[in-house]
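Protein chains: 2
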Amino acid sequence: MGTLLSNNPAVAGARAYFEQLQARITEAVEALEGPEGQGGARFRSDAWQRPADSPLQGDGTTRILEGGRVFERAGCGFSHVSGPRLPPSATEHRPGLAGAPFEAMGVSLVFHPQNPHVPTVHMNVRMIAAAQPGEEPVCWFGGGMDLTPFYAHEEDARHFHRACRDALVPFGDDLYPRFKTWCDEYFYLKHRDEQRGVGGIFFDDFSELGFDRSLAMTRSVGDGFLGAYVPIVQRRVDQPYGEREREFQLYRRGRYVEFNLVWDRGTHFGLQSGGRTESILLSMPPLAAWSYQREWPAGSPEAELTTRFLQRRDWL
Amino acid sequence: MGTLLSNNPAVAGARAYFEQLQARITEAVEALEGPEGQGGARFRSDAWQRPADSPLQGDGTTRILEGGRVFERAGCGFSHVSGPRLPPSATEHRPGLAGAPFEAMGVSLVFHPQNPHVPTVHMNVRMIAAAQPGEEPVCWFGGGMDLTPFYAHEEDARHFHRACRDALVPFGDDLYPRFKTWCDEYFYLKHRDEQRGVGGIFFDDFSELGFDRSLAMTRSVGDGFLGAYVPIVQRRVDQPYGEREREFQLYRRGRYVEFNLVWDRGTHFGLQSGGRTESILLSMPPLAAWSYQREWPAGSPEAELTTRFLQRRDWL
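Residue numbers (the working numbering), protein chains in the order written: chain Z, 1 to 316; chain R, 1 to 316.
Just chain Z, with the same shape it has in the complex:
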């Protein structure tokens, strides 16, 4: 495994970074959960290796916490795989590398909270390398983070976007606006004409700062995640809610499922090409509802979520 890049010490460093990021984030989530004796849940850790006859080779660790006090389902995966043929969907900007041997590693997470006032969150950081036979490998980076609230708390969206900007600003003033727009465009449910959430940042095919600085930027996004999300959880986790808010949360989670299974390129490609299903689907909510043309009273927080809050706008 890792034949393309394994002799490169900078790359070994990247793997160590991703593994340590996963450890750091899952520890912080367990701290939010609180002591086990008081209902705080713990992550299960599932180390896996791709079977020898699989098209993808490699290993990873899927960590998942279910039925917690704060999180109903929180999945955080590390994986490091290689394959004989880079799928065309993996790089828009390098058509010459489609079909080349590749290697990919990264961390991906989705957290589904219990309390409908705490937003769902997604974060991903990844590095991809590919090389045509006899040529030097080309490396690029991708990832981002985005927030999917059920109720409109403006200060949460502003805090999250400020943290995204702060993670990127050391690497160039133009990055946050570019990646923010990219995120709005990516996390969009065309069949509903709805944004998935209030966005954040999204980037792909990124190598314009050179290997070292592009990796450093990607690490800065990973490192920025806890500061972007944890204060929001702490602010909302004890906010009271009832059946109505719970019902709305389950209904909105249906949209999350629709986005991930219909539009998300990574999920869709992974499932169709023989990726590890249970690791790919750690993004699924624990429970989701559908209801025909469900409507909430005009002017209610539920009705205004999509019409007023989940709109592309400047959050800074």
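Worth flagging that the hints you see were computed from the coordinates, not collected in a lab.
Incorrect hints may appear among the rest.
[What the hints assert, rightly or not] Among chain Z residues calculated to face chain R with C-beta under 7 Å, some are:
id, residue
1, Leu56
2, Ser89
3, His191
4, Val237
5, Leu261
6, Phe269
7, Glu278
8, Leu287
9, Ala288
10, Ala289
11, Trp290
[As the list claims (entries may be wrong)] Distance windows between CB atoms, simulated:
id, chain 1, residue 1, chain 2, residue 2, range
12, R, Leu316, Z, Gly96, 53 to 63 Å
13, Z, Gly134, R, Leu316, 51 to 61 Å
14, R, Ala12, Z, Arg158, 51 to 61 Å
15, R, Gln20, Z, Gln49, 50 to 60 Å
16, R, Ala52, Z, Arg44, 46 to 56 Å
Just so you know, even glycine gets a beta-carbon here, dropped at the ideal spot from N, CA and C.
Starting from the structure of chain Z, add chain R where the hints point.
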């Protein structure tokens, strides 16, 4: 609307048939629900017309019943649409018609019962016509029905398959075996290596009996639906169940969502091409659950559902 076929009396007859089939099926479901005063639910009827600026033109009626005594969500839609360009996915066997103006009509239903001993069911019958400019329209038919149980009741699967065979046998002895195999192949979750259910029949691009007999066969499938499904509902609806069965039902419904959003060509194409979202997604369950590598005790009915029951086999 219906410019390709509207002058053809046989086609006007097909529309009348589909509308009357929808009425007949929804009435039978309401009879199963029982009197309104005793918790029996009724269908809402939502007649719609595609907006003038939509790529698809046409009309339809979506009927949906939610929160019933017998059915937690039961959707049954009629639609009759036309469009300027037939999608390539709509006919495998007539590549020369891809991109041609087309017209499609039919009835589609998915019923999600309350009681986990009552299986989920899907049925669809449709007629498609397409014509290159200046040429005669070509017509073909598609559809089928399939059963998705949560618990292994062999006599239900056998009854359903016998009813499928009985609907087809007047049109040729080879049809049931062909359409049964086609169904097993179509309703297969590749990313889980699982069948969606115990199958039934599936056919597409069908015109080999000529227009009149092909339509008659399609009608026979539609007419056979109530006899295939209602006796199963009646046999199971009062069978006791508890939290465990309910939990398993919600978990297995997650598979239904995965199939429909990831693999079902009609759903996927409809959502991506601007079809009517709420009508397409009447197939979604009212509530569905996901849980990481969820396992049930070896030998339990839940563990044996996929390993023993949802296997391709001869049900006659």
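Evaluation of the provided hints:
1. Here the hint on Z:Leu56 is broken, as its CB sits about 13 Å from the closest CB of chain R, past 7 Å.
2. Against a cut-off of 7 Å between C-beta atoms, the interface hint on Z:Ser89 is violated, since the closest Cβ of chain R lies about 15 Å away.
3. For Z:His191, the suggested interface contact is upheld, since its CB lies about 4 Å from the closest CB of chain R, less than 7 Å.
4. The restraint placing Z:Val237 at the interface with chain R is violated, with a minimum CB-CB distance near 22 Å, outside the 7 Å limit.
5. A distance limit of 7 Å between C-beta atoms decides the matter here; for Z:Leu261 the minimum to chain R is near 4 Å, and the interface restraint holds.
6. A distance limit of 7 Å between C-beta atoms decides the matter here; for Z:Phe269 the minimum to chain R is near 11 Å, and the interface restraint is violated.
7. Hint status for Z:Glu278 relative to chain R: holds, with the closest Cβ pair at about 5 Å, below 7 Å.
8. A hinted interface residue such as Z:Leu287 counts as satisfied when its beta carbon comes closer than 7 Å to some beta carbon of chain R; here the least separation is about 5 Å, so the hint holds.
9. For Z:Ala288, the interface hint holds, since its Cβ comes within 7 Å of a Cβ in chain R; the closest pair sits about 6 Å apart.
10. Interface hint status for Z:Ala289: upheld, as the beta-carbon distance to the closest one in chain R is roughly 5 Å, under 7 Å.
11. Taking 7 Å as the C-beta cut-off, the interface hint given for Z:Trp290 holds, the closest approach to chain R being about 4 Å.
12. Distance hint check: the CB atoms of R:Leu316 and Z:Gly96 are about 54 Å apart, consistent with the given range 53 to 63 Å.
13. For the pair Z:Gly134 and R:Leu316, the supplied restraint of 51 to 61 Å holds, since their beta-carbon distance comes to about 58 Å.
14. Between R:Ala12 and Z:Arg158 the beta carbons are some 59 Å apart, a value that agrees with the proposed interval 51 to 61 Å.
15. Between R:Gln20 and Z:Gln49 the CB atoms are about 57 Å apart, so this pair conforms to the stated range of 50 to 60 Å.
16. For the hinted restraint 46 to 56 Å between R:Ala52 and Z:Arg44, the CB-CB distance of approximately 54 Å keeps it satisfied.
The structure does not agree with the numbered hints 1, 2, 4, 6 stated previously, though it agrees with the rest.
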